[in-house]
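S.K.: In terms of UniProt numbering, the sequence shown opens at residue 1 and continues consecutively.
Derived by calculation from the structure, the hints in this document are not laboratory data.
Beta carbons are placed, not taken as given, at the ideal position from N, Cα and C, and that holds for glycine.
Hints may be right or wrong, so weigh each one.
Stated by the list, open to error - Derived pair list, reagent style DSS-like, types lysine-lysine, alpha-carbon separation capped at 27 Å:
no.	residue 1	residue 2
1	K168	K199
2	K145	K209
3	K199	K145
4	K135	K145
5	K145	K130
6	K168	K145
7	K167	K209
8	K225	K168
9	K130	K168
Said to hold, decoys possible - The calculated label-pair distances, taken between Cβ atoms and stated as ranges, are:
no.	residue 1	residue 2	range
10	D153	S131	15 to 23 Å
11	L142	S227	30 to 38 Å
12	D153	K26	33 to 41 Å
13	H151	L261	28 to 36 Å
14	A127	N164	14 to 22 Å
15	S32	E3	15 to 23 Å
16	K130	F22	32 to 40 Å
17	N210	A31	35 to 43 Å
18	S131	A161	16 to 24 Å
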Amino acid sequence: MDEIIYRWIADYSLGVIEKEDFERLKAWIEASPSHRVLFEQTLRLYKEGREIGFLSAMDEECSWKSLERKLGRRHRLTWTRWIVAASILLAGVVGGGILLLPEWENDSSVQVFSEIPGKATVILRMADGKSVSLKENETIGLVEKDGTEIHKDTMNRLVYAASNTEKKSVLHTLEVPVGGEFDMVLADGTRVWLNSATKLRYPTRFTGKNREVYVEGEAFFSVCKDSAHPFIVHAEGACVRVLGTEFNLSAYPGERTITTLAEGKVEVNG
1 MDEIIYRWIA DYSLGVIEKE DFERLKAWIE ASPSHRVLFE QTLRLYKEGR
51 EIGFLSAMDE ECSWKSLERK LGRRHRLTWT RWIVAASILL AGVVGGGILL
101 LPEWENDSSV QVFSEIPGKA TVILRMADGK SVSLKENETI GLVEKDGTEI
151 HKDTMNRLVY AASNTEKKSV LHTLEVPVGG EFDMVLADGT RVWLNSATKL
201 RYPTRFTGKN REVYVEGEAF FSVCKDSAHP FIVHAEGACV RVLGTEFNLS
251 AYPGERTITT LAEGKVEVNG
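All chains should be built: construct the whole structure from the sequences, respecting the hints.
M.R.: Structure below.
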């Protein structure tokens, strides 16, 4: 996208966007899940910048694609750290030089944000079709029909604890909305950080030769080592096989699947 997207988001965050531009921005956001992700991340950039007090200048030739690439380099613990690093990109399109961010008495960006679709809580879909809303700062304790215990702690992390049972495991789906992030631990100890607009389908506990999960969107995996049971991630147009490693997988619908290795080795097919 060209520079106009920058300007729309900049005006939007300040609460001064024109009605026609706002409608165009909404249409752009709704056109692709990745657009929604980038929109959310750029808004966070402003919040981070306000805490810092200023944003540095950038080369005038930097384009929206440059920002997209920067924001695409996720940290394994939190994507927001990359947003701070990318603040240098946004500054230039808002005016060049040093951008001083005002201390808003009323956060107009929040008021306008209520009109953008897709804002919701993280949802856990159980095997019986029941949907559980995983609200922030709320602890939850559940037991699946196969005996697996599921806990959401005060750190907003979902943890699975497999039971010693012969019952067949069941599949769960975790859905993270636009603008959200979530942290979970699978039954084998593998830790997963899910980014905005991401779905992860996985068994309550792993049985058989392979440990297999399915992702739509973007997630970072820190896989618990088990050479006898390879960990396999299925995504749109790709299959990633590992024994124990750390990697990021971006597989939003209709877009190219990208695997970024942080540590160890992976085998990508597709």
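S.K.: Against this structure, judge whether each hint is valid.
M.R.: Structure-based check of each hint:
no.: 1; hint: K168 <-> K199; result: holds, 23 Å
no.: 2; hint: K145 <-> K209; result: holds, 22 Å
no.: 3; hint: K199 <-> K145; result: holds, 22 Å
no.: 4; hint: K135 <-> K145; result: holds, 23 Å
no.: 5; hint: K145 <-> K130; result: holds, 12 Å
no.: 6; hint: K168 <-> K145; result: holds, 9 Å
no.: 7; hint: K167 <-> K209; result: holds, 17 Å
no.: 8; hint: K225 <-> K168; result: holds, 23 Å
no.: 9; hint: K130 <-> K168; result: holds, 18 Å
no.: 10; hint: D153 <-> S131: 15 to 23 Å; result: holds, 20 Å
no.: 11; hint: L142 <-> S227: 30 to 38 Å; result: holds, 31 Å
no.: 12; hint: D153 <-> K26: 33 to 41 Å; result: holds, 36 Å
no.: 13; hint: H151 <-> L261: 28 to 36 Å; result: holds, 31 Å
no.: 14; hint: A127 <-> N164: 14 to 22 Å; result: holds, 19 Å
no.: 15; hint: S32 <-> E3: 15 to 23 Å; result: holds, 19 Å
no.: 16; hint: K130 <-> F22: 32 to 40 Å; result: holds, 37 Å
no.: 17; hint: N210 <-> A31: 35 to 43 Å; result: holds, 36 Å
no.: 18; hint: S131 <-> A161: 16 to 24 Å; result: holds, 21 Å
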